[in-house]
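*Asks:* In order, the protein sequence lines correspond to chains C and S.
In the working numbering, each residue's number is its place in the first sequence (first place is 1) plus 210.
In the working numbering, each residue's number is its place in the second sequence (first place is 1) plus 4.
Warning: the hint list may mix true and false statements.
As the list claims (entries may be wrong) - No farther apart than 20 Å at their CA atoms in a straight line, the calculated lysine-lysine pairs in the PhoX-like style are these:
(1) S:K31 x S:K86
(2) C:K246 x C:K430
(3) C:K333 x S:K56
(4) C:K240 x C:K495
(5) C:K430 x C:K240
(6) C:K327 x S:K56
Read the hints as simulated data drawn from the structure, not as lab findings.
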Amino acid sequence: MTRKPNEARTVITGVGLTAPNGNNLAEFRKSLLTGKSGIQRFNVRYMGEVLAGVCHFDPLKYQKKKELRRGTRAGSAAIYCAQEAIADAKLDFASFDKSRIGVYVGITEHGNVETEKQIYEIKQFDYDTTFVSHHYNPRIVANNPAGEVTLNMGITGPHYTLGAACAGGNIGLIQGLQMLLLGEVDLALAGGVSETVHAFGAFASFRSEGALASHADPEKACRPFDKNRNGVVVSEGGCIYVVERLSDALRRGARIYCEIAGYAINSDAFDFVLPNAQRQAECMKLALSKAGIAAGDIDIINTHATGTREGDAAECRAIREVFGDHSNAYINNTKSYIGHTMGAAAALELAGNLPSFEDCIVHPTINVDQLDPECSFENLVINEPRKVDRVNYILNNSFGMLGINSVVIVKRFEG
Amino acid sequence: MTKQEIRSVLMEIVAQIIPDEDLTNLKGDIPIREQVELDSMDFLDIIMELRKRYGIEVPEDDYKQLATIDSSVAYLEPRMRKL
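Required output: the full structure, derived from the provided sequences and hints.
*Replies:* Pasting the structure below:
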């Protein structure tokens, strides 16, 4: 394969995140290596106590109280992550041309939280719609989480969100790299966010589907690949990356976490909610082909598995189809710790694995007490971290409703 | 409500709407927006709070009468006297 020029290669040079078990990459990684879950009991309007992954970042670190009052939880998470990512990238942000920065934020959905809140508010006034807040529209427009970042940081380049169900975080990242390669921007703030836990809708709908996880111990509720898994734990979160063209990153002597080596997005064209292993496999193969590598080159597969019976099994079938029954790649899962952070999931789960390039440790998936034979792989890393010789490539799966599949492959950077 | 009570309610509402501002030296006879950062969306929050808390409707034509704390108290007093 011909080596691409540095202008045609993109790299991650900053990470900002908030997860239910950590508010920066170091904290998050520590939690993933020590088995620390972020799932707790949480009160939701109309439903009472549910199990959820809730973030505990300090929004006032980067926002004024008034901004916080005006904006949304998703906007707040996006601002926190974007600011942390810029700080982590050690950019001279003050002198950077703000019109050349793009903000691309993946979301599963947006607006439910505010809509439910407004309906609850006007219910107190017998549904008199004159009590609907004038802040409602700017809070529910689909670009809100990305737009709040630009307002907060004075960024004048493009901003928008990418609605992609639970694949949102990968799609945001892919959009960022595409805009860099098109020359539309010189720096992308790209990833995903979710505020889903602040609305009852997702919990209630998963429950009606029979797909909401329950367990006496909240920390054991999300259990992908376990025989007794019983559904999804709904969570919030955010993860935004600083992505640059390699040429720019090298010029400013940036610390490079990894190169984005390949990616793919496809559609099942099959069902509203059921997964399709064949299309998932096709998506992984397409990403491998774009990266110019073979399945055997992948060292870690970070699975999408959410802890549903059908979903986990389908993904395992797809992995077998691509990697064979005796995959060399180590397989893990991050949702077992933090639940399903929806629009943030793909970006967050990738972030949790990036330190493996340096520490050569694969974080495990937790809560597997009885492995489901349908989900059994020799190299599934269960409950204990695995020390390995070297990590060159990580493949990150993320799939969503309406049959959207996404795969991102990142590569150890070696100049 | 007395004028003094109306004044303290107004100050409480303004403090809630612009929580980052120091209101200790806010003068009653100078337009609020000339003293602190309070934009049109914030102003609408004052109108909404009055509606929610006391059922008071302030027509758009009367908004200018709420420019200062003193003029607001004068405008609201006949409407809140019996509360």
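*Asks:* Given the hinted pair S:K31 and S:K86, is their alpha-carbon gap at most 20 Å?
*Replies:* violated, 27 Å
*Asks:* Tell me if the straight-line CA distance from C:K333 to S:K56 falls inside 20 Å.
*Replies:* holds, 12 Å
*Asks:* Tell me if the straight-line CA distance from C:K246 to C:K430 falls inside 20 Å.
*Replies:* holds, 11 Å
*Asks:* Can the restraint linking C:K327 and S:K56 be considered satisfied, given a maximum Cα separation of 20 Å?
*Replies:* holds, 15 Å
*Asks:* With the threshold set at 20 Å, check whether the alpha-carbon distance from C:K240 to C:K495 stays at or below it.
*Replies:* Roughly 32 Å separates the two Cα atoms, so the pair is violated.
*Asks:* Taking 20 Å as the top limit, are the C-alpha atoms of C:K430 and C:K240 close enough?
*Replies:* With Cα atoms ~19 Å apart, C:K430 and C:K240 stay inside 20 Å; holds.
Comparing the model with each earlier hint shows violations of hints 1 and 4; every other hint is respected.
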